[in-house]
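> Construct all of the structure, not just a fragment, from the sequences and the given hints.
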Amino acid sequence: MLLEDAFVLRDHEALAQLFEAGAVLVAGGGLAEARGEEEIVRAATQMWDRARMYLPDPQRVLQVRDTALVLGGHAVNVVHRGHDGSWRYAVSFLDVYESKENGHGVWTNRLLSRRDGGSVPGSHR
1 MLLEDAFVLR DHEALAQLFE AGAVLVAGGG LAEARGEEEI VRAATQMWDR
51 ARMYLPDPQR VLQVRDTALV LGGHAVNVVH RGHDGSWRYA VSFLDVYESK
101 ENGHGVWTNR LLSRRDGGSV PGSHR
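Going by our numbering, the first residue of the sequence shown is number 1, and it counts up by one from there.
Hints are computed from structural coordinates only; laboratory data are not their basis. The model shown is predicted, which means the values in this text are computed figures rather than measured ones. For every residue, glycine included, the Cβ atom is placed at its ideal position computed from N, Cα and C.
Label-pair ranges, simulated between beta-carbon atoms:
hint, residue 1, residue 2, range
1, Gly36, Thr67, 18 to 26 angstroms
2, Val64, Arg10, 30 to 38 angstroms
3, Gly36, Val8, 17 to 25 angstroms
Here is the structure:
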């Protein structure tokens with residue numbers, strides 16, 4: 001499952017699997033830094049409760065072996081490919097801002113989740 005799917009479906013379990021153990025999620029909009037699975041799921045729930053929406057915003061992926069820096073218009077992420085071949089977020093920094101169209105918070109971020117051991121989506125190698 002991709003990060004955007006986990007948010008649209010509000011799937012706590014799928015969301016938790018997209019992050020490494022000990023990962024950190026930092027989102028704007030007044031939310032505290034979240035570390036580890038439990039805090040990240042709690043932060044995501046707060047975003048859902050505040051009607052924050054997720055919009056992917058791919059810009060650039062810089063990959064070296066099993067680590068990638070993913071840059072978006074309003075996000076910076078570090079992802080790592082584990083021994084099972086799955087890419088998981090280690091660090092996710094998201095900027096949350098208010099949409100002028102509908103007044104809802106909108107987050108932009110690059111989605112990244114490969115379970116098949118393939119290359120990082122959007123990577124430029």
